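Those sequence lines, one after another, are chains A and B.
Residue numbering for the first sequence follows our numbering, beginning at 1 and increasing consecutively.
Residue numbering for the second sequence follows our numbering, beginning at 1 and increasing consecutively.
Warning: the hint list may mix true and false statements.
Claimed, not checked - Which residues of chain A face chain B? A partial, calculated answer using Cβ under 10 Å: (1) C37; (2) V118; (3) V136.
Said to hold, decoys possible - Derived DEER-like restraints, expressed as beta-carbon distance ranges: (4) D146(A) x I642(B): 35 to 41 Å; (5) R160(B) x D115(A): 29 to 35 Å; (6) I642(B) x D77(A): 33 to 39 Å.
Unchecked claim - Derived, one-sided and incomplete: chain A residues facing chain B with beta-carbon distance under 10 Å: (7) T18; (8) D50; (9) H68; (10) H78; (11) F84; (12) Q91; (13) C95; (14) N112; (15) A116; (16) R119; (17) A121; (18) L126; (19) H132; (20) N133.
Hints in this document: simulated from the structure, not taken from any laboratory.
The structure presented is a predicted model; accordingly, all values stated were derived computationally and were not measured.
Don't be surprised by glycine CBs; every beta carbon is placed ideally from N, CA and C.
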Amino acid sequence: MRLTVNGVDHAVDRDPDTPLLSVLRDDLGLTAAKFGCGMGSCGACTVLVDGHPTHACDTPIWAVDGKHVRTLEGLRDHPLQRAFVAEQAMQCGYCIAGIIMTSVALTEREPNPSDATVRRALDGNLCRCGAHNRIVRAVLTSHSHD
Amino acid sequence: MTDIAQWLTFGADDTVDVRSGKVELGQGVLTALAQIVADELGVDVTRVRMHPAVTDVSPDEGYTAGSLSLQHSGTALRRIAARVRTAALATAAEDLHTTPDELVVKDGEIQAPQGESTTYWAIADRLDVPEEADPITTHTVVGQNVPRVDIPGKVDGSRRYIHDLRFPDQLHGRVLRPPGRDAHLLDVDEAPVRALAGVITVIRDNDFLGVIADDEPAAEKAVTLLARTSRWTHPAILPDDKSLSDYLTTAPADTEVRHDSTEWDSSAFAVRGNRPPTPTLRARFHRPYLAHASIGPSCAIARWDGDTLAVWTHSQGVYPLRAELARWFALPPSAVRVEHVEGAGCYGHNGADDVAGDAALLARAVPGWHVRVRWSRPDELGWAPFSPAMVTEVAVELADDGAIRHWRQEIWSNGHSSRPSSAGNPPLLAALHQGAPPIPSTDPPPPHGGGSDRNAVPGYDLPGLTVVTHVLHEMPLRTSAMRSLGAHLNVYAIESVVDELAARAGADPVEYRLRMLGDPRGRHVLELAAELGDWAAPTAEDHGRGVGYARYKNTGGYCAVVAEVEATTSVRVTRLTIAVDVGQVVNPDGVRNQIEGGAIQSIGWTTKEQVRFDRRDVTSRTWEEYPILTFSEVPPVRVELIDRPELPPLGAGEASIGPTAAAIGNALRDALGVTVRTLPLTPANVLEASE
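Isolated chain A, as found in the complex (with noise of 0.2 Å):
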């Protein structure tokens, strides 16, 4: 099985029942994403593969051979990173990895989203801390972080 992550190819010797997350965080080492329900409820564990967010946790490695993961780890210095701590757009930050990815597939896809099209985008990401507000501040004020 091949996967490409962040633009580099790996060869994966596992079962290919396997979850992504598993892959990408015991064997790439790869942590950014994380585990929060294992159901793909929550949205903690939220890559992008072939630009579309997807929940590493109960994707199996096979559904994504020889396509395109895209990580946390993946970006440099990206406008989202910026307004995230231009923001202080967290508090513990656990959901945050999950968040970030969706919210790249978003601004990709509208550069320029409303309000509601962002709360609606992160509906299926969970946070418990409460910074919703100021993660949806840190979405829609990134592209003047370009």
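Assemble the complex: chain A is given as a structure, and chain B must be docked to it using the hints.
Only chain B this time, still in chain A's reference frame:
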């Protein structure tokens, strides 16, 4: 200066190394503490390195809880830094042939008027630190929005949470939790589990059943199979969750009068003649069990070497957890090392300590190996201690003019703490599975803010007051501390009744509160929230506006909230305006983040959240069954701070919980004319209240 060195040392690379006993829970406390040290020493905040709490190295500051970190650790660090600065100025003055008051400190460089200078680092080993020293009064770093030290590593993925730690010799453990409360293991066929690829061992100790495997997917598979090859008793011991309030008020309990004032100050209230008081207003409020519901499930790593144990944990207290582990394994505390590593957001006593117990018990079977245990989502939502379900009843006697003559608040609840090494030492979950007898949770004592009775004393000038608690003996569901403890329901109840009394008196709710609120700091937040929250403006149909006020724990931060809600098919909070006074503000943005975060969490608790269970077990085990607030449900929140630089800092983490809940309930009454006394404010509970 051994006591000083435990807290603060000067690093070789021109840094200041600071060890606090308080831990980062996502609340930004390490940044705030770094600011206090930088402020007092006169160094750039980026020079201050905050070290994680670890036993034997860090000062023992108990738990990071109760909105007390800045009061405790902040005050301690300020004093220590003041003593160090005073000593450094004395030494520098000698070296530079001048007097301490002639010296100026700029980013750690101590300058004499004639241009000569030295630094903290140059003289650090020659300091004669006095027992006491006066802190500075002009602040340069405290009061500033210093960016959080942990955020850069969280936006690039480089910061390691406990879940991300990887040791070369690391194994993965899982514990099979029983299929119900008080379920006991009858038998288990371990052979098919041991035969699975990657499984190293199966561990059984009475009802404790766990596996160790060489990777995480193998451990998951093994524990899933173990569930199928084990047979358990399945008793129906839980109360009916549809009549939970009846259960709470009838179960055996310790009854205690926590407050009783018979000295009525009749001069403050016009009590005319000797006529009997107007009929009593009596109202009973109820909330269900609530879950911590952290986004990251509990996780820990443990390793045994002979008779020593090392544990990595996101517990709120490394020393109390060590004491508990030492007691459990019959080791001297010095044989146990507990190190804090950040986990997901923590709002009280969640599963952090329990999973550390799981890891320690499993790791004992494989000495020399690190065993990592991470709970599943269903176990996290089903087995971490819950915040207690409660009933609060308020009975008020009124004077003829509508003023309050006597307030009685009566509370039925489980205890709000079963933390390790607290009174009675309730065992960790793994020890319970081993057969340790369960010990019911207790309430923290009144000097710590109480538990069930937290904020049961209304923050108003009342001539007569009685507070009675009934703390249940039975604990069908394990309970412990969660953000604000009993204050969530107590403040909701108090402020709901105050609104009803205002309506009876024909008074505006804010004006009615101000009549009986003498504390100027309380008046200030209430008036400010009303002003900024457009209190007097009209509301649209199906919309309402409500107010809530409390001083947290009656000794902490002051907070007033104006909420607006829309009540159509469900209750939707559309706007929050919050005014807060937490004394000296160390980091304004940090306080705003905590106050807003607490308010948003309170919206979820108050409008949506409820732990569900049948007669055997908890059934709300997924995010679908225990939904929390989503981005689209979060309203705009404005937080206005009243800074009191001359006063000590108070905590901000819990102050907004009760007032937000109360403001929502009162806004709902404003919208519908219905008083809802059962939380959460779901359509079903609103409908029931309307009938």
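Hint check:
Interface restraint check: C37(A) against chain B, minimum CB-CB distance 4 Å, threshold 10 Å, status holds. Look at V118(A): its Cβ gets to within about 8 Å of chain B, closer than 10 Å, so that hint holds up. Hint on V136(A) holds. Least Cβ distance to chain B is approximately 7 Å, under the 10 Å limit. Between D146(A) and I642(B) the CB atoms are about 37 Å apart, so this pair conforms to the stated range of 35 to 41 Å.
Separated by about 33 Å at the C-beta atoms, R160(B) and D115(A) satisfy the suggested range of 29 to 35 Å. Hint check: I642(B) to D77(A), Cβ distance near 38 Å, so the stated range 33 to 39 Å holds. With a least beta-carbon distance of about 6 Å to chain B, the hint placing T18(A) at the interface is held under the 10 Å criterion. With its C-beta approaching chain B no nearer than about 20 Å, D50(A) sits outside the 10 Å limit, and its interface hint is violated.
Checking H68(A) against chain B: minimum C-beta separation of about 18 Å lies over 10 Å; hint violated. Hint on H78(A) holds. Least Cβ distance to chain B is approximately 9 Å, under the 10 Å limit. The closest approach between the C-beta of F84(A) and any C-beta of chain B is roughly 5 Å, which is under the 10 Å cut-off, so the hint is satisfied. For Q91(A), the shortest C-beta to C-beta distance to chain B is roughly 4 Å, which falls under 10 Å, so the interface hint holds.
With its C-beta approaching chain B no nearer than about 5 Å, C95(A) sits inside the 10 Å limit, and its interface hint holds. Hint status for N112(A): violated, given a least beta-carbon distance of 18 Å to chain B, over 10 Å. For A116(A), the interface hint holds, the least distance from its beta-carbon to any beta-carbon of chain B being 8 Å, beneath 10 Å. Nearest Cβ of chain B to the Cβ of R119(A): about 4 Å, under the 10 Å cut. The hint holds.
Nearest Cβ of chain B to the Cβ of A121(A): about 8 Å, under the 10 Å cut. The hint holds. At a threshold of 10 Å, the smallest CB-CB gap from L126(A) to chain B is about 6 Å, leaving the interface hint in force. Given the 10 Å rule on beta carbons, the hint for H132(A) holds: about 4 Å separates it from the nearest Cβ of chain B. The interface hint given for N133(A) is met, as the beta carbon of that residue sits about 6 Å from the closest beta carbon of chain B, less than 10 Å.
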